[in-house]
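2 protein chains.
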Amino acid sequence: MSDPRPPDPKPRRMVQNKERVGLVLVHTGDGKGKSTSAFGLALRAVGHGMRVHVIQFIKGSRDYGELDTLAKLGVTVERAGEGFTWEVRSDERQRELAAWGLARAQEAIARGLDVLVLDEVNIVLGKGFLPVETLLELLKTRPPELHVVCTGRYAPDALIEAADLVTRHELVKHPFQRGVRAQPGVEF
Amino acid sequence: MSDPRPPDPKPRRMVQNKERVGLVLVHTGDGKGKSTSAFGLALRAVGHGMRVHVIQFIKGSRDYGELDTLAKLGVTVERAGEGFTWEVRSDERQRELAAWGLARAQEAIARGLDVLVLDEVNIVLGKGFLPVETLLELLKTRPPELHVVCTGRYAPDALIEAADLVTRHELVKHPFQRGVRAQPGVEF
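For the protein sequence lines, the chains are A and B, in the order given.
For the first sequence, our numbering assigns the number 456 to the initial residue and increments by one for each residue that follows.
For the second sequence, our numbering assigns the number 456 to the initial residue and increments by one for each residue that follows.
Hints listed in this document are in silico derivations from the structure and should not be mistaken for laboratory results.
One should not assume that every hint holds.
Same chains, same label: a pair holds when it works inside one copy or across any pair of copies.
What the hints assert, rightly or not - Straight-line Cα separation of at most 25 Å, DMTMM-like style, residue types lysine to aspartate or glutamate; simulated pairs:
1. K527 - D612
2. K628 - D569
3. K628 - E600
4. K527 - D569
5. K628 - E616
6. K628 - E592
7. K582 - E551
8. K595 - E642
9. K628 - E588
10. K582 - D612
11. K527 - E642
With the rest of the complex left out, here is chain A (with noise of 0.2 Å):
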């Protein structure tokens, strides 16, 4: 068995690193912890003193867990979706307010941020309530030390291919399967 990927330098090394390059990650796949990860990060981010600010994307119709959380640690959390396709009214009001979370994400990027994460922004793009054109604009302009994570399945390939990391998350076995209701904590 080959041995696991070299690890990180150590980390005192890297903050003192200059070159602080900011990444465009994406996390798409039909498997779970595409958002959970991107909290991760945000979590992670925070832990190195940086400001992190999330747009909620599609979900909002109910309350998760972790954003509370995030919130008393000094992350900035806005929701711009009122739930899943079928959840809300019109699909022109899911680009009005996919509209409206974009224009957000930028009103925070102009107030200084170190990562934004457009939570869901995949699915958006995916199904068309957001001009991919519109985010990879937002990503050409961006302060160059922002990291910026979209998470969702669906991820358009223009996404993909001006994103520098991108992680597919395969689903391999669910609790669904064999009619597990969904756990708090665990999937919400």
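Let chain A serve as the given structure and place chain B on it in line with the hints.
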């Protein structure tokens, strides 16, 4: 300036679900976000008022941004690692550390716990530093509502078989591939 739009979450109908079932989650694969997703889950669980304990195998020689933040949130974190294979003086030492980590996990469970994160335990199992039977015994004898999250590459088949929810993190694209160094907040 677009209007701030205060979130208006609907009742937590899922949280009212009384059928709590402890799940075994496995995050494996070569992609990023396996630990990050587990820490995000810890964040979420804390948001639900759950008690979370993290045992970190393998990693432990480094200072990860998220650990202090998790501690601030009341998540207890213990390190049962001194670094990757080539950083630890012997496989025997790896086995000692792994056994110690699992013993600490058992003690945390005995004290009362809702979520147990065994970070990088899959590597420890995959490399034979901990017999998979030992972990399976812990899973079998645990309180029925305890969620256990096992992260890391090389998750053995027996663990995947025993798990409820398995996600494989597939690396699609990584900035190392274009020579970008590990970035604080993203990589560690």
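The hints, checked one at a time:
no., hint, verdict
1, K527 - D612, "neither (35 Å within a copy, 39 Å between copies)"
2, K628 - D569, "between (35 Å within a copy, 22 Å between copies)"
3, K628 - E600, "between (37 Å within a copy, 19 Å between copies)"
4, K527 - D569, "both (18 Å within a copy, 21 Å between copies)"
5, K628 - E616, "between (29 Å within a copy, 9 Å between copies)"
6, K628 - E592, "between (37 Å within a copy, 21 Å between copies)"
7, K582 - E551, "within (14 Å within a copy, 51 Å between copies)"
8, K595 - E642, "between (34 Å within a copy, 22 Å between copies)"
9, K628 - E588, "between (35 Å within a copy, 21 Å between copies)"
10, K582 - D612, "within (13 Å within a copy, 37 Å between copies)"
11, K527 - E642, "both (21 Å within a copy, 23 Å between copies)"
Hint 1 from the earlier list is the only one contradicted by this structure; the remaining hints agree with it.
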